[in-house]
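Make a model of the complete structure from these sequences and hints.
Spelled out from the first residue to the last, the chains are:
Number of protein chains: 6
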Amino acid sequence: MAVRPLLDDETAPPEARAVFEEIRAARGTDYVNNFWRALAADPALLRQTWARVRHVMAPGALDPLVKELLYVAVSTANGCGYCVHSHTAAARAKGMTDAQYAELLAVIACASQTNALATALQVPVDARWDAQRE
Amino acid sequence: MAVRPLLDDETAPPEARAVFEEIRAARGTDYVNNFWRALAADPALLRQTWARVRHVMAPGALDPLVKELLYVAVSTANGCGYCVHSHTAAARAKGMTDAQYAELLAVIACASQTNALATALQVPVDARWDAQRE
Amino acid sequence: MAVRPLLDDETAPPEARAVFEEIRAARGTDYVNNFWRALAADPALLRQTWARVRHVMAPGALDPLVKELLYVAVSTANGCGYCVHSHTAAARAKGMTDAQYAELLAVIACASQTNALATALQVPVDARWDAQRE
Amino acid sequence: MAVRPLLDDETAPPEARAVFEEIRAARGTDYVNNFWRALAADPALLRQTWARVRHVMAPGALDPLVKELLYVAVSTANGCGYCVHSHTAAARAKGMTDAQYAELLAVIACASQTNALATALQVPVDARWDAQRE
Amino acid sequence: MAVRPLLDDETAPPEARAVFEEIRAARGTDYVNNFWRALAADPALLRQTWARVRHVMAPGALDPLVKELLYVAVSTANGCGYCVHSHTAAARAKGMTDAQYAELLAVIACASQTNALATALQVPVDARWDAQRE
Amino acid sequence: MAVRPLLDDETAPPEARAVFEEIRAARGTDYVNNFWRALAADPALLRQTWARVRHVMAPGALDPLVKELLYVAVSTANGCGYCVHSHTAAARAKGMTDAQYAELLAVIACASQTNALATALQVPVDARWDAQRE
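Chains as they are written, first to last, in the working numbering: chain A, 1 to 134; chain B, 1 to 134; chain C, 1 to 134; chain D, 1 to 134; chain E, 1 to 134; chain F, 1 to 134.
Read the hints as simulated data drawn from the structure, not as lab findings.
A portion of the hints provided could be inaccurate.
Claimed, not checked - A few chain C residues facing chain B, derived, Cβ under 10 Å:
1) Ala25
2) Thr29
3) Ala102
4) Gln122
As the list claims (entries may be wrong) - Calculated Cβ distances over 12 Å to all of chain C for the following chain A residues:
5) Pro14
6) Ile23
7) Arg27
8) Gly79
9) Gly81
10) Cys110
Stated by the list, open to error - Label pairs and their computed distance ranges (CB to CB):
11) Glu21/C x Arg47/D: 35 to 45 Å
12) Pro14/F x Ala93/C: 22 to 32 Å
13) Ala99/D x Arg54/E: 39 to 49 Å
14) Pro14/E x Ala51/C: 48 to 58 Å
C-beta atoms are modelled at their ideal positions from N, C-alpha and C, and glycine is treated no differently.
This is the structure we're talking about:
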């Protein structure tokens, strides 16, 4: 299923094809995954999104693998199946071990459990954590 | 606000006070934060939750700081203000730098954006990522 | 905080005051809680919402207490602090025991954990559960 | 689609097969559903999750059928399609009638509607519901 | 997949078929989409839901197309794939242009990003926006 | 409560103060709301976010008021209280009438209700809406 056709090199507008080429060059593969092809009908949003993802996921104070793990965690909590698939694959490509994956799943499950409890009990935030307190 | 009173050493049942002592010993502080005090009326759930959190957040294939970052990411996406406060504080206590925090926020924001786009466009998962394919 | 003023008997339009009276009569109390007062600026939505809640929460194939427990469960998962407070109070008013509340919390926490795992692993639905299969 | 292969008796590690056997014995059926098979690559998480679900869903102060209804409610609000399917099937197996299911759906729909309104209006919690007030 | 069979004119109860006819008449098409067919086993909920949708989506102070855009926005944030598909189709049927759709997607993505940031930082609401302040 | 101090003109770094000035100039007011002050410790994210919001919310194929309504809808479904407050205020500043606001609330409530039903029933998407079908 898809709400908008997935464009390829023949059907995408030239500005979108140019982004496809940047994606291929950055990743060293000819493959452009469906997310970018679904965005291709709107080259401006495609370019903005690709530029933002590239910038945010680049090596920095956090390791690129850690960033992928964070992406999987957010995507799971947001219930985005596509993003769970794509970023779990990306984490593996960046070296995620089975042991790391097991711990990622355990943290996601544990946090979801305590998030629900804190919400169900409406626990008030401890005053010591308020950055605005005098 | 709170749905159930926050118990302290005087009002908590003995089985809950025993868990309070374990939390103090494990953390090297006398302070027991509100989450555990809100759970204290139900010592069985208090003990199960504390045991699970301790086990999951212990050092392993992932660094304890990375686990805290993941916890903040999940808690943000789940909209749990209490957990965002407590685990951001925990991440800082485990050495999270300002630069790491900035990148954490950037990844959470970027993932939330692309999660929304993938959901809005209902992008089909690329066949190559299906672990069940032949 | 509030996005719109909470109206009372003096400030609410007559059509809203009439709904206030129905709420009082149905509940046998003079107190009208903030939710209805926030809706009062829009009497049509106030009336539709009150009529729907009354109809849905009435005794039927499910016990009114069970319906309140379900309401708390949905409100927790949706992160609605107001509704968690109001329906936990309603469940207590309908006789929820501490033991029942403890189990309610445990089910919510457990479901949130397995929901997260099923989403993280993108587990395909077992064919036997598909109501459309031949 | 799936992020990780679904293991069966031949491909699962021995510790996971042992949990499969416990599931079969507890349920009186040879069938092990996909959720457990997706967890099987990580026997520790599989065992912890199964033990938790068994414990939480056992008869207690709440009826097992009520617990299944709560599970469906949470899973729906969390948007977990897998869990909606599996726990609706479990509720039917435990005797949920069509009339009970109709009321379950009505409560979920009604709560989702009022959750959204309370959030949109940012209704402040009534002081009388605050367990921490003096 | 489906949790309950999709009923058609032959299998639906008479009260549900009557609603099917109203849907056909209101839309000027013979086609009844799956959502209504999934509700048909419960004619009371089917009728209530259809009546509510019709009433809410009718022309008023907001344009019907704007209402469809809002529906797509809510459905995306709630992660309802079915509703995203159906209301994007409805928006197109009501004249949504490609440029409008591009801006809709951009607003949804932008809001999701700043929602996540405001939640991650737990930004306190500015006092000037509180409708309850003196 | 806040996770990070809200900076003002005296405490914000120069690059952040420069963005504060742009916000003031663009809005024609001296007031800079808390969201931007919470971002100010990270001038790069502050600038990126402000630039994105400005670009996306500018007049285009959709009216600025419609964009604010969409922002409120997404923020409500995402449970972001801060954003609900700020964008409802922005919608009013852009001329939202009481009648428009009433219809906005009604659409959000109605969509939340049918989103929940479609998810609870796991309604399969109608084939006619699949943009990828031949």
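Now the hints, each set against the structure:
Interface hint status for Ala25/C: violated, as the beta-carbon distance to the closest one in chain B is roughly 28 Å, over 10 Å. With a cut of 10 Å, the hint placing Thr29/C at the interface with chain B is violated, because the nearest CB-to-CB distance is about 20 Å. Because the closest C-beta pair between Ala102/C and chain B is about 5 Å apart, less than 10 Å, the hint holds. With a least beta-carbon distance of about 8 Å to chain B, the hint placing Gln122/C at the interface is held under the 10 Å criterion.
For Pro14/A, the requirement that its beta carbon stay farther than 12 Å from each beta carbon of chain C is met, with the minimum near 35 Å. The claim that Ile23/A lies off the interface holds: its Cβ sits roughly 23 Å from the closest Cβ of chain C, which is beyond the 12 Å cut-off. The non-interface label for Arg27/A is consistent with chain C: the shortest C-beta to C-beta separation is roughly 22 Å, beyond 12 Å. For Gly79/A, the shortest C-beta to C-beta distance to chain C comes to about 6 Å, within the 12 Å cut-off, and the non-interface label is violated.
With a cut of 12 Å on Cβ distances, Gly81/A falls inside the contact zone with chain C, its closest approach being about 5 Å. The beta carbon of Cys110/A is not kept farther than 12 Å from every beta carbon of chain C, the shortest such distance being approximately 7 Å. Glu21/C and Arg47/D have their C-beta atoms about 57 Å apart, which leaves the hinted 35 to 45 Å range violated. Look at Pro14/F against Ala93/C: about 57 Å separates their beta carbons, and that is not inside 22 to 32 Å.
Range check, Ala99/D to Arg54/E: about 26 Å between beta-carbon atoms, so the 39 to 49 Å window is missed. Taking 48 to 58 Å as the suggested C-beta distance range, the pair Pro14/E and Ala51/C does not conform, at roughly 25 Å.
Hint check: violations occur at hints 1, 2, 8, 9, 10, 11, 12, 13, 14; the rest are consistent with the structure.
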